[in-house]
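Heads up: the protein sequence lines correspond to chains A and B, in order.
Residue numbers 1 to 283, in my numbering, belong to the letters of the first sequence in order.
Residue numbers 1001 to 1217, in my numbering, belong to the letters of the second sequence in order.
No wet-lab data here; the hints were simulated from the structure.
Note that the structure is a prediction, hence the values are computed from the model and not measured.
Be aware that one or more of the hints could be misleading.
As a list, the in silico EDC-like pairs of lysine to aspartate or glutamate whose alpha-carbon atoms are at most 16 Å apart [as the list claims (entries may be wrong)]:
{"#": "1", "chain 1": "A", "residue 1": "115", "chain 2": "B", "residue 2": "1119"}
{"#": "2", "chain 1": "A", "residue 1": "82", "chain 2": "A", "residue 2": "29"}
{"#": "3", "chain 1": "B", "residue 1": "1115", "chain 2": "A", "residue 2": "81"}
The primary structure of each chain is shown beneath.
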Amino acid sequence: MAAAWRAEIVSGACSRGIRRKIREKISMENLLEIKHMRKAFDELEVLKDISLTVKKGEVVSVIGPSGSGKSTLLRCATLLEKMDGGSLSYLGETVCKPQQGDAGDSVYVSKKELKKFHRYFGLVFQNFNLFPHYSVLKNITDAPLRVAGIPKQEAQERARELLSQLGLEDKADAYPCQLSGGQQQRVSIARALALRPEILFFDEPTSALDPELTGEVLKVIRQLAQEHMTMIIVTHEMNFAKEVSDRIIFMENGLIQEEGTPEELFHSSKERVQEFIGKLSDG
Amino acid sequence: MQFGTVLLQLSKGLVVSVEIFFLTLLFSLPLGLVVAFGRMSKNAVVRTVTKVYISIMRGTPLMLQLIVVYFGPYYLFHVRISAAYRFIAVIIGFAVNYAAYFAEIYRGGIESMPKGQYEAAQVLGYSKMQTFFRIILPQVVKRILPSVTNEIITLVKDTSLAFVIAVAEMFTVAKQIAAAETTVVPLMIAGVYYYVFNLAVALAMERIEKHYRYYEG
Ligand SMILES: Nc1ncnc2c1ncn2[C@@H]1O[C@H](COP(=O)(O)OP(=O)(O)OP(=O)(O)O)[C@@H](O)[C@H]1O
Ligand SMILES: [Mg+2]
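Construct the complete structure from the given sequences, taking the supplied hints into account.
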């Protein structure tokens, strides 16, 4: 395919049709596409109309006040919660979309089809949620073994590789309860990475940690950003968000109020954004 | 009757008690899990039925339940009760009774599990079955072991209730000898046997609890 395009481009016959094809090819690189996502808990409209596209290799931070729906957004994207309206797709494959229009009620693909999407994403929780009865190594290898069907040897090699990348090579046989919060969070990142997700979501990965442990986790995320891991990070660490993100999204009242490069956001003309960032950037 | 004979007779009775004990556990431990699922079911009918079942099992004497299980078939269907059914009735009676208690213990344990464990497993792609049997249940077992140990120790003593439908377990035997020889010695010896039995049970449970001490939480 690609060779054929190139040939046509070289021969100067780059028709509109071909350009469209190229554009489609690029939009395939839209790893995650959310359009007009809505979500309510009973009467409470938590997400009102969220549209968000994330390309391969992009690092997007989500900031916003408590209760603005950041976690709910991640939970809908990771299928922990069902969205009410709008569409969601990974790599161009539909998870759910309205029967007609863009913003109607979401209709999900079948349960069986939904399963495969778990391959595409990983989620790192604020409070780690490691499996306490499994050793660090087993926490990381169990899902690859049981869910992805990867051979034991391979899963273990991959796990040890990840552990050494994350500075935990000596903790393989430890149990989560024997680790510090920062170490537990790094293990949970390794557990998510072991399944080789296309995109990794973080929901306030350092909020449960002491300031001195926060650094070691941020270092790991920074490292992942350098390796062009696609990530969406909900965080209150403004300086960190500014440093690693290609894009920052400011959410409030279930809407994206402002979106742009860190530069753009930190110099936003919107007073509310300025106020929020200013409040959190102190200290 | 010679002391040696008494000991031997009581030992035979003890074997029956031990049989009742193990068979009851064998059936009631898994049955309890099924009942616990019923109790937590999304289906309101299933939930109500199990709730009523548990409440009856816990709210009426086990002795009465044994009588109902033993004589029930005769009164309901007018079938002749065979001698072999005595023992079977004891096992059925104990199993359905203890299943109710275990169900409530399981339910407490399952409901005490943090939601995050389910969610972590779900995001990693575990199926519902895998999540329950690989992630949730092993942790629940650790949490409920002390309560289960309590129940099991009670069961050792409860086996003596089988006397009510004349199954020749240890207590029945002890009472017979005591009546025939007009002495309480056999009953005292039975008491010692029960105590030793329970000591063994407690030690075994302690070992299992120790095994689970390899992690905290
Ligand atoms: N399962 C639920 N049932 C009912 N209400 C919920 C549920 N989950 C979230 N909410 C509500 O939705 C709103 C948004 O919650 P969400 O957790 O998404 O906010 P957030 O932006 O992540 O906040 P924080 O910064 O405090 O984590 C809150 O008002 C919350 O109480
Ligand atoms: Mg949140």
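**Request:** With a cut-off of 16 Å on the C-alpha distance, tell me whether residue 1115(B) and residue 81(A) pass.
**Result:** With a Cα-Cα distance of about 13 Å, the restraint between residue 1115(B) and residue 81(A) holds, given a limit of 16 Å.
**Message:** Need the status of pair residue 82(A), residue 29(A): alpha-carbon distance at most 16 Å?
**Reply:** 24 Å, violated
**Message:** Checking one constraint from the list: CA of residue 115(A) to CA of residue 1119(B), max 16 Å. Satisfied?
**Reply:** 14 Å, holds
Figure legend: structure checked against the earlier numbered hints; the only hint not met is number 2.
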